[in-house]
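Dock chain B against chain A, hints included.
Heads up: the sequence lines are chains A and B, in that order. This note's numbering numbers the first residue of the first sequence as 1 and each following residue consecutively. This note's numbering numbers the first residue of the second sequence as 1 and each following residue consecutively.
Since the hints were derived computationally from the structure, they do not count as laboratory data. Source: prediction; values computed, not measured. C-beta: ideal position from N, C-alpha, C; glycine also. Be aware that one or more of the hints could be misleading.
[Unchecked claim] Which residues of chain A face chain B? A partial, calculated answer using Cβ under 7 Å:
#1 M1
#2 F2
#3 R189
#4 R190
#5 V191
#6 G264
#7 Y268
#8 T275
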Amino acid sequence: MFPPRFAYQAPRSLEEAISLLGSSGDYAKVLAGGQSLVPMMKLRFASPDVIIDINNLPGLDYHRAGPDGSFHVGALARHADLEWSSLLGQTQPTMAAAAPLIADPLVRNRGTLVGSLCHADPQGDWAAVMIALKGQVVAQGPAGRRTIDMKDFVTGPFETALAHDEIAVEAVVPPAQGARKGGYLKLERRVGDFATCGAAVALETGPAGDVIKAGIALCGVGGATIDAVDAADALIGQPLGPAVIDTAASLAAGAANPGSDHRGSADYKRHMVHTFVTRLLTSPNAALDASMRTAA
Amino acid sequence: MTETQQRPRALDEVKIGGMGASRKRVEDDRFIRGKGRYVDDIVLPGMLHMEILRSPLPHARINGIDTSRAWQIPGVRLVLTGEMLATRNLAWMPTLSYDTQAVLATDKVRFQGQEVAAVIADDPYIAKDACDAIEVDYEPLPPIVNPRQAVEPDAPVIRDDKQDSNVIYDWEAGDQAGTDQAFAQADLVSKIELHYPRSHPSPIECCGSVADFNRATGKLTVYMTTQAPHIIRAAVAMVAELPEQNIRIVSPDIGGGFGNKVPIYPGYVVSILASILLEVPVKWIEDKTGNLISTGFARDVYLRGELALKRDGTILGMRMHTDADHGAFFADAQPSKFKIGLMHSTFAAYDVPYAHLTARGMYTNKAPGGVAYRCSFRVTEAMFFQERMIQAAAGDLGMDQAEFRRRNFVKDDDFPHRTPLGFLTDSGQYAKCLDVGLKAIDYDNFRREQAEARKRGRLLGLGISTMTEPLGAGNSREYDILGIKMFDSAELRVHMSGKAIVRTGARTQGQGHETTWAQIVAHELGIPAEDITVEEGDTDTAPFGMGTYASRSTPVAGAAVSMAARKVRAKARRLAAHLLEVSEEDVEWELGRFYVRSAPHQGVTIQECSMAAYSNMPDGMEPGLESVAYYDPPNLTWPFAVYIATVEVDPDTGVWDVLKVVAVDDCGVRINPMIVEGQIMGGLTEAYAMASMQFITYDADGNCVGSNYMDYLLPTAWETPGFELHSEVVTPCPHHPLGAKGIGECAAVGGPAAFVNAVMDAVAGPGAPGEGVRNIDMPLLPDRVWEALHQRRDISGAPPVRTDA
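Excised from the complex, chain A in its bound form (with noise of 0.2 Å):
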């Protein structure tokens, strides 16, 4: 496993890396937690011409509430910190189901969120998340910062709306309007593995039960992170009763695209879709139990 040959940067402030990226031509990538690149440039499968290391780069590392009740990710955030935050329990129930089902411990003390949500990788768990949570991403370039919806972020298997020269720096969920509830279920074949089928559901509840607000994403059934719009949409004004479970569970499975392949048929993941959006809204945060890896 050799890579092929790459320059190597590692800036020092954020406005240093950005200029980097902006003179490095075609291929330079961003390295953050390298969970991915790494493996990808060993397998060859990936070949930049430049990397900027930017683990350097201070006062990223952080994950924090806002005074407004929004919710923030910087991009040197690693997944074991927000594994082990007890802000995260208390605040951000879908974050905190899938935070210990990222791959295995030693890629959590490394990779990063903000790295996962660049990747964008049709399999990866935290863009399912953050597309429940209608959550955004702030970019930073040359030209100063922009927010970018996390629907509008991810543009296909591995490419998303960032410039050539612009950096992520960070991941929001926005502030909740009612009580948050919601989970992540993720089915995979051996602790580490890639979701054959993973389910990220948020939602905000009024007072009296009834959903205002909420999010269906799912990863593994499709080219790309799937937004279930219509199965959140079913939930809205409505309390949580099995009728409407089942209708949203069928919607999400129908908007599921998989492939048949040694995971499994496309009629088996998509059953696996239907069975984790039922099992969420039946009880929407008994997923934070770390032990139900598997959905058993």
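Quick look at chain B alone, frame taken from chain A:
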């Protein structure tokens, strides 16, 4: 000489680290400190690096190879192709199964990942870049990915270099007429068809070699990842036509083998040739994908099995047909004279009067070199098939799974027992082991819980696997590699101070020889184990032996250690008589000490005898205290095991969790019980892996699925269940000097059926929602279990893997 009048206290054998001591593994000291020395740690002056270019296609004619761009890259020293090897008659090499295998492809490539060219360069990065710069003109041919495709009338011929069909052999064993008659008399015939999927031993350390040819001395030294260094030396002598005394094979620390490091691979051969051509050391280190897609795989056998049964549960006869997928070259690393290895050891634990086995082997466009992975040459398939057939038969009869087995076991007083397919088993207490297992799993209680749970829609299952297997190749009558008989050897040198060094022809790769062999010497001589060094793996120093695989080290090399120590003890006795000034007949032995029979307080220790061997030997006695023993076992050893697993299946998802696993292993006398338990736990982990997640498959285009750890899954501590081990039953091996039997492979061989039988019981047992489903192929991935439940049909996992196309 001991001068006290009191007889000294007898040595405590466990305290000196002898037999039965759960002594901590001495080799682990260096491994856990990161001080192991593996092939890749070896750096020689002026050493170059080799990289292999592999075929992206499974089957294609090679119209040309253009290496000119590779030669132009600075730092490239040599680019080798099959055509260049052919000029030295080295494009093909013999396999251990009397076939030939391409070293570097000349006419065609025959599997994805086949070795096509090699680059030797100043560093591995340059070598890899240069491989990428080689242009190969391939003309694609249709690929074959299973043995059924291989025998279709219009199937392309894979080995058009030597024959006009894809059939390698048609082999049989047993009594066909008798078996036909048994089936004619049956009340019921139970049938099952299934596929044991292809898996891979997948040691964490891949294969590699550092070849160092010195033109001045004529000496070739090869450091390499091999479980059998002496076999390699013999093979290199034949292939490279170098004098055997000028070849030194060194197997340094090995990062796992599991059978993967028995065969001879093209990478080794090319690195040796490159070193001879360039006259500098050449290092080749395989990457993980190379290891998974081109080296010795395991299994990939299709079964059609039938049992002739009487209503009362008696087995009258057994019929089995197997089709084995050998890949592009018949390169099984197996030393028996039987084409399908020891498949016919199946049903050895059961009293079956008539049996007939037919076995066919086929070429396919897949990697060659089977029968590895903790398996004595297809014993794994034999026992899995047996236990799946037994489960299906008990189900067809409506009999209890435990009772059906007990009824048909070979009984304790029936030994020696000739199995229906020709083996001789010699010892065991099968029913007693089963009883221990049933009690440990609380069998009756579980069956009640299972029935209760089913009423509430929960699917619990229990699976039993019971088997005896032949471990410890040889004897030399039936086992050889390239004509070399399957014995093993040990050399023991006791130094003046009573410390000692043992060398054997085996090669440890996790089995703990450095610990266990010292314990055998401690047992035989009373020298504390910590005073004994064990060394293996260097053909210049180790006595000739056949290496470590097939659970053969303790049965064969361990026996040789024992015999070598007994020779030393015999000489020490003469030294003792001399020191005690009595005749040899008056000398008695107790652990670590000789004494005068009539005066037990007068004695000499083994250490005092050692000193005398170099300083005070009697007139006419040869100085020194050393011995060499070669041991040819009279039979294989036959351990017996019971594995029972309980599971719960989630009917909505097909996901299953293991509730409990009980293992009862009767492997005879245990030298180091802790190491034995480690072997059993490792084997059960691999059994769980194969049952639940692990396989290599191919799509219809011949692409390998499972060529890296993203898809070839090794279970972690997270999903691996706990194991409850039992060692209550001990039936010593009647012919091994210490009563020990092989153990290394038992759990990996017998374990898979316990898990599969448990899931099948939950899904398709009496009254279960999938009743009528006879089989789900391993690995029992959730989608397969779910499909079996909801579609109520057998689920095949045979390649080609399904896709949308």
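Against the structure, the hints:
no.: 1; hint: M1; verdict: holds (5 Å)
no.: 2; hint: F2; verdict: holds (4 Å)
no.: 3; hint: R189; verdict: holds (5 Å)
no.: 4; hint: R190; verdict: holds (5 Å)
no.: 5; hint: V191; verdict: holds (4 Å)
no.: 6; hint: G264; verdict: holds (3 Å)
no.: 7; hint: Y268; verdict: holds (4 Å)
no.: 8; hint: T275; verdict: holds (5 Å)
Hint violations for this structure: none, all hints satisfied.
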